[in-house]
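These protein sequence lines are chains D and L, in that order. In terms of our numbering, the first sequence opens at residue 1 and continues consecutively. In terms of our numbering, the second sequence opens at residue 1 and continues consecutively.
Hints are not guaranteed to be accurate.
Claimed, not checked - Derived coverage of chain D by chain L (criterion: at least 3 residues anywhere in the stretch with Cβ under 8 angstroms from a Cβ of chain L; other residues may be distant):
1. 22-31
2. 105-113
3. 125-138
4. 308-316
It is worth saying that the hints were derived from the structure and are not from the lab. Think of the CB as a built atom: it goes at the ideal place given N, C-alpha and C, for glycine as much as any other residue.
Protein chains: 2
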Amino acid sequence: MKNNINIAIVGLGQIGIYLYNELNKKKKGIEAKTGKKIKIVAISAKNKNKKRKFKIDKKIFYLNPLTIFKSKKIDILFESIGQSDGISKKIVETALRNKINVITPNKALIAKHGDYLANLAEKNNVNLEFEASVAGGIPILRTIKEGLATNKINKIYGILNGTTNYILTEMEKTNENFDKVLKKAQLLGYAEPGNPKLDLNGFDAFAKIRILSALSFNTKISKSKCIMEGIQNIKLEDIKIASQLGLRVKLLGISKIIDGHLFETVHPCLVSKNTYIGNVNGVMNAVITEGKPVGESVLQGEGAGPGPTSSSLLSDLLSILRGNVKLPFGISFSKRKTIKPFNNDNYVNSLYLRFEVKDKQGVLSLITNRLAKYKISVKRIIQTPDKKNKKATIVIITHKTTEINAKNCLSIFKKNKNILKFPTLIRLYS
Amino acid sequence: MKNNINIAIVGLGQIGIYLYNELNKKKKGIEAKTGKKIKIVAISAKNKNKKRKFKIDKKIFYLNPLTIFKSKKIDILFESIGQSDGISKKIVETALRNKINVITPNKALIAKHGDYLANLAEKNNVNLEFEASVAGGIPILRTIKEGLATNKINKIYGILNGTTNYILTEMEKTNENFDKVLKKAQLLGYAEPGNPKLDLNGFDAFAKIRILSALSFNTKISKSKCIMEGIQNIKLEDIKIASQLGLRVKLLGISKIIDGHLFETVHPCLVSKNTYIGNVNGVMNAVITEGKPVGESVLQGEGAGPGPTSSSLLSDLLSILRGNVKLPFGISFSKRKTIKPFNNDNYVNSLYLRFEVKDKQGVLSLITNRLAKYKISVKRIIQTPDKKNKKATIVIITHKTTEINAKNCLSIFKKNKNILKFPTLIRLYS
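Construct the entire structure; sequences and hints are all you get.
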């Protein structure tokens, strides 16, 4: 690689603009570490005159990012638009085809088109780096590809979304309900003001789990249908009851190999307050790997925000500036296996079930009989009457059962007049 | 780098022999990830016929490791003898001079001669990698050099010695005294059977802190005199009293920049049971970095044993096989600064002081008056009489004070007939 490196940044939102400023600020340090002089020669965004936190050099501004390649020789391109398709995909494709290295924090793009783009990078002998796409400032991808490279990883899981972890932590701490805490998160910049749906429904964490699986198990990114649940249905009441039981609700992403099959999921879990994962609070992210021979490894850090994201983007930059071309998934496209999906029906968990029922004789036995019929043993029952409203809340913690069995068992409660709402189900982490 | 890579392993103790087996087992996986075929062409140890966990190929055995270079073309040499000088230094020097890449888990060697050897590697344009020298399987060096490369790190600290952490954890859990738990640790292979001194007195953790400092702050390895205390003087009584106060004793290594000066230390600390670091138990290690813009990052994992160590040694191997030459400390020898040491006298802490005194009137006021004279305010006093022996234990938690002030204040208690022993001092982590 030559000594003067031309850089383009496409997308000048919160991440792109912070990166722009960091690159300008850290030029000298980067030169000291790599011997390369970097220069931002092109930037692009939808709006040239938008008010931004840092001033941009308008002389290098392009409205259409695709025209950059025609007028400037680019060595490394940062894509920070963030779409899974559209212009994000187009610009990355075009760059790789033109033998330009690409760095992106775009998890949606990588989770959807990562295999295709990695293959394209490999064919064109350039780098495609995406450390910032998973867990913000935590260098988890590099750790799997390099630090734990020869380990056999069997499981990787963790708290992969800072927005939801903040909301769950804050609800427990302040006793405020979901909607109120969500608004606070939006004001603080922890949740997107317009459409926080992709964080809340688990989609964001799920994209990260897909990427982590592929890296951990040396497989292609899976496309199979999985259990994906967010925190939209977690009520303050559940958090309070869990707390009394010494438990805490966490949105976990989990990926593991079960009998040679890949199981990936994102859903809320009840974890013990005494565990490590139960104490990762606020916007923090944590990723835990179980590998041989290394044992259990934990990485924790700030999972979102322009600072941590920019830290990861710059680590990708240094990796490119320092070394020769690296394979995006640490192993050649042709050597990454495909792996059969685990049958979700057979996923086994203890369950927390919260029923809202009419305060009538026989309702509890209706529930327990139904559970017994499906051989779901009860570990604990807590019944709290609400005499005034002639209602009661029944919380049941069950022993382990499969997804399909629980589903079949609970189906009846959809249309029972004494059961006021379909029961809330939260899996216990085991 | 050519496609067929010749490897030598010098030192076939617990680590070397495990590595030997792992390399043979993982040849194919390594080839898939790097395209390089590795072959162990030379091994060396003091004793050819010692009983070992894995069979060795005696045809490639050398009694004198220095003769290897004359008869074989070596590309990568593993040094796993473990001395800070002597044959360890000699073999690494010779290898680097012969343009052979070196990988070592030898923290004593790197902490003492790391600058000299790194410079030698740089001059000869080969790699010197030592990921396994700090925190076993945790890829902390790579994370600092690459994952957090452009961050400004101000502080790095953690639990860096598994032996002492196991002993402290076990004493609290079982109520057994230091000597008994140490024996158990030796039986389990967590402490060296012959001479566990270097673990217990903080020397091992201190070597690691020196290496971490140099990497975190881009400085030469410091040689200054530091506060280094081990856990030899921690009594079961201290652990019990701490526990009642919601505290736990941990041996921490700490390195930070204070007003542009480097402060490095290893000593037992009292940490709250509610903190993250207070819950890293057993043989686990944890390293916490504070950097900008990334914020706080935590890495936790198994800190010792052949499995985790071998995981790090192989990550170094893959780094060499995959890439071009990397600078041992992530930055050129000539660009690493020297940094003035912080004056240890000005180190500030709250203190836990345990006095064993005669149960006589006036003793408590003697102590408190002395503290008052040195303006050390008392936060908490717990006096426990031992009527039968006419003794009492007085535990005092102080507000913050400097090292020098505490030292001067406590000096008088060396020769007071009512003070039965010089007080035990443990610093509170802040």
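Given coverage of the segment 105-113 of chain D by chain L, tested with a Cβ cutoff of 8 angstroms and a minimum of 3 residues: violated (count 0)
So is the segment 22-31 of chain D in contact with chain L by the C-beta rule, three or more residues under 8 angstroms, or is the coverage claim wrong? This one holds; 4 residues, not fewer than the three required, reach chain L with a Cβ under 8 angstroms.
Closer than 8 angstroms Cβ to Cβ for three or more residues is the test here. Does the segment 125-138 of chain D pass it with chain L? holds (count 3)
Between the segment 308-316 of chain D and chain L, are there enough contacts, at least three residues with CB-CB distance under 8 angstroms, for the coverage claim to hold? holds (count 6)
Of the numbered hints listed earlier, the single one contradicted by the structure is hint 2.
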